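Let's have the full structure, built from the sequences with the hints guiding it.
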Amino acid sequence: MTAKSDIKSGVSRRNFLKTSAAAAVGAGLGSGVITGFPTIWAQNPITLRQFGTGVSNLNAIAEKCKEDLGITIQMTATDSDAAAQRAVTQPDSYDIADVEYWILKKVFPAGVIQPMDISRLKHYDQIVPLFKTGKLLPDSVIAQGTAPHTVGFVEGPDSRDFAKGETEWFTMVPTIYNADTLGIRPDLVGREISSWADIMDPAFKGKSAIINVPSIGIMDAAMIMEAMGLITYGDKGNMTTEEIDATVDFLIKAKQDGQFRAFWKSFDESVNLMSSGEVVIQSMWSPAVAAVRSKGTACTYQPLKEGYRSWGGGMGLAAHLSGAQLDAAYEYINWYTSGWVGGYLNRQGYYSANMETAKQHMTPDEWGFWIEGKPAQGDILAPDGTVMEKAGAVRDGGSFEERMGKVACWNSVMDEDRYMVRRWNEFIAA
Amino acid sequence: MNALLARATPYLQATPLLLILGFFLAVPILLLLVVSFWDYDFAGIYPDFLTLNYAEALGSWVTWRIYANTLKYAVIVWAITALVGFWVAYFLAFHVRTATMQMVLFLICTVPFLTSNIIRMISWIPVLGRNGLINSGLTGAGIIEQPIEWLLYSDFAVVLAMVHLYTLFMVTPIFNAMMRIDKSLVEAARDAGAKDWQVIWNVVLPLAKPGIAIGTIFVVTLVMADFSTVQVMSGGQSASVALMMRNQMSLLQYPAAAANAIVLLVLVLLMVAGMLRIVDIRKEL
Chain A
0 MTAKSDIKSG VSRRNFLKTS AAAAVGAGLG SGVITGFPTI WAQNPITLRQ
50 FGTGVSNLNA IAEKCKEDLG ITIQMTATDS DAAAQRAVTQ PDSYDIADVE
100 YWILKKVFPA GVIQPMDISR LKHYDQIVPL FKTGKLLPDS VIAQGTAPHT
150 VGFVEGPDSR DFAKGETEWF TMVPTIYNAD TLGIRPDLVG REISSWADIM
200 DPAFKGKSAI INVPSIGIMD AAMIMEAMGL ITYGDKGNMT TEEIDATVDF
250 LIKAKQDGQF RAFWKSFDES VNLMSSGEVV IQSMWSPAVA AVRSKGTACT
300 YQPLKEGYRS WGGGMGLAAH LSGAQLDAAY EYINWYTSGW VGGYLNRQGY
350 YSANMETAKQ HMTPDEWGFW IEGKPAQGDI LAPDGTVMEK AGAVRDGGSF
400 EERMGKVACW NSVMDEDRYM VRRWNEFIAA
Chain B
0 MNALLARATP YLQATPLLLI LGFFLAVPIL LLLVVSFWDY DFAGIYPDFL
50 TLNYAEALGS WVTWRIYANT LKYAVIVWAI TALVGFWVAY FLAFHVRTAT
100 MQMVLFLICT VPFLTSNIIR MISWIPVLGR NGLINSGLTG AGIIEQPIEW
150 LLYSDFAVVL AMVHLYTLFM VTPIFNAMMR IDKSLVEAAR DAGAKDWQVI
200 WNVVLPLAKP GIAIGTIFVV TLVMADFSTV QVMSGGQSAS VALMMRNQMS
250 LLQYPAAAAN AIVLLVLVLL MVAGMLRIVD IRKEL
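Just so you know, the sequences run in chain order A and B. So the first sequence is numbered by numbering that gives the first Met the number 0: it starts at 0 and just counts up by one. So the second sequence is numbered by numbering that gives the first Met the number 0: it starts at 0 and just counts up by one.
One should not assume that every hint holds.
As the list claims (entries may be wrong) - Looking from chain A toward chain B, a few residues come up when the C-beta cut is under 8 Å (computed):
no.	residue
1	Asp80
2	Ala81
3	Ala83
4	Gln84
5	Thr88
6	Lys105
7	Gly205
8	Asn211
9	Phe262
10	Gly276
11	Glu277
12	Val420
13	Asn424
14	Ile427
15	Ala428
Calculated directly from the structure, the hints in this document are not laboratory data. Being a predicted model, the structure only gives us computed values, none of them experimental. Don't be surprised by glycine CBs; every beta carbon is placed ideally from N, CA and C.
Set out below in structure tokens:
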């Protein structure tokens, strides 16, 4: 379950403390002046252990960080439930937690993440307002679920309760996020798809699928039910037991009527269902859509009028960090938000939270295609150099503002989580 | 002193096995039992003595339904593999004349097992799918208008894959049992005027019973513990006991999964005990 990628062998923490103490003395004696941080890190390699849910645990980022800052990043990827557990139960096993916001909501009250002083974050001002106020544009509607800004701030360095609005203390620096919707086979659906309700169309009986991960599947189901006009949720991201019952009963009925072909659990299952034509409309993740398309099969990440189900992650500092390691962690985060990583993530079809800096690391054509929703002038290349989209292609759903401006709900954790999982298992067994 | 050593020798000889079984069998099962009474939340598991995990598992209709579903697979797969296994073994043991040919044919039976379980299972998907070999063949030949939907992601697909995966576990012990049947018994039966089916029914079948029993134990325990075949071949539409445990483990609900594991263990042990009462397999060993 746990994949570990170790980017070059770093030094142990104890070794680091010894050498850095010696180096500090040496540097003090030698020059009498402490120069810029990057130089110091290069001379005294420091290791930061980062763990998280995989999407942004990319080796390319660790390698580039080593090159630019001399800081070794040791990355460990787990699934989200294991990440939540590890964050709470082994707080000394990591320095930086790279987790989704709904996980943060679960783990922050345990006191394992220390709030960040925004005055030390160089690029704080450029973070998109979605993560500060919940509104991408001044007239956006705040989405349901665990919206990042609701768990983004605390009142002080020792506070464990989330603040109502923007403060000086930031819980996590947002790094990566995206808007999820339904994937379709445009060649096989035979009509225009414009609503989440379309997945329940009798025409697609036995040709639709949804994700079998309870916390995400229930949200997709909620989007579908609300789109069909069967129910209006108080908050899709935090359903009451009655709402959970209604949603699961609805799913069970649809299943018994034979509406679904399958329920997928892993990325490649969803790709195979779609590319083999077993399924023509289903919940999907954006890289899976790209994977189907790379096999030469038409697949669209269809924007829907009810909006997107969105997810977002960020980096939090472990509570135990202090001194030189804390400085290095801030240094790393400032580097992370300074543009290179942002450009890298944007080019993968995700979004960076620091768009202004990311723009400087993308070509105008890439920026136009990925962020502004314009037709590609030339071929759009993947990070490994293969052609991802041909010239003239337009991104599904259009520009960043069109997509992230239409978020209906965020991935979330419900108060009735345990009950929901039990009922979801009934749906799968039914 | 010597007498003491003589008495201790058998125990000393049994010690390595005892240690191995103790470490790798008894201790894990004991831990499973202990953890099944613990409390848990999303962040961890806590030592306690709660019967809640059992109450939740046994008190829910979902559990019963999943057990019924798993038993259904076990019974169907057992019946088919026993039938197929018996006749394959019978052919090998009584119709193939030379021992060399018997071994060659038997090895051919094992060829599919040179590839991984998962691959053998997944390779059914392009065959059975909506646009798979069978459906495109039948529609192409004009035999059917619409692709047959129930070939894949159905109970049929699950049973088919399981039969494919587990038949050899039935063939081997039955073949082994049949090879021990004294051929003169068959001759005597013929001399006494028995027809072919009477020989099979009155001589071969009773003597092959221990082999069938061992094969049954293999197949039933494998099917009861299966989760990947059910997940992949039913497309997540069906559940099995092990799949339910896997779901719980992926949500870090270890105590709940442990409680289910204990229930399953007890059930399977009861089934095996039942089989052993009917057939004395020690004759075979």
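Do the hints match the structure? See the list:
Annotation: Asp80 (chain A) was flagged as interfacial toward chain B, and the flag holds, the nearest CB pair being 5 Å apart, inside 8 Å. Nearest Cβ of chain B to the Cβ of Ala81 (chain A): about 7 Å, under the 8 Å cut. The hint holds. A least Cβ separation of about 6 Å between Ala83 (chain A) and chain B falls short of the 8 Å threshold, and the interface hint therefore holds. Taking 8 Å as the C-beta cut-off, the interface hint given for Gln84 (chain A) holds, the closest approach to chain B being about 5 Å.
About 5 Å separates the beta-carbon of Thr88 (chain A) from the nearest beta-carbon of chain B, less than 8 Å, and the hint is met. At its closest, the beta carbon of Lys105 (chain A) sits 6 Å from a beta carbon of chain B; the interface hint therefore holds under the 8 Å criterion. At its closest, the beta carbon of Gly205 (chain A) sits 6 Å from a beta carbon of chain B; the interface hint therefore holds under the 8 Å criterion. A cut of 8 Å between beta carbons decides the hint on Asn211 (chain A): the least distance to chain B is about 5 Å, and the hint holds.
Given hint, Phe262 (chain A) at the interface with chain B, holds; its Cβ is 3 Å from that chain's nearest Cβ, closer than 8 Å. Because the beta carbon of Gly276 (chain A) sits about 5 Å from the nearest beta carbon in chain B, less than 8 Å, this interface hint is met. Satisfaction of the interface hint for Glu277 (chain A) is found here, the shortest Cβ-Cβ separation to chain B being roughly 5 Å, below the 8 Å cut-off. At its closest, the beta carbon of Val420 (chain A) sits 6 Å from a beta carbon of chain B; the interface hint therefore holds under the 8 Å criterion.
Among the interface hints, the one on Asn424 (chain A) holds; its C-beta lies about 6 Å from the nearest C-beta in chain B, closer than the 8 Å criterion. For Ile427 (chain A), the interface hint holds, the least distance from its beta-carbon to any beta-carbon of chain B being 5 Å, beneath 8 Å. The interface hint given for Ala428 (chain A) holds, since its Cβ lies 4 Å from the closest Cβ of chain B, which is under the 8 Å cut-off.
Violated hints: none; the structure is consistent with every hint.
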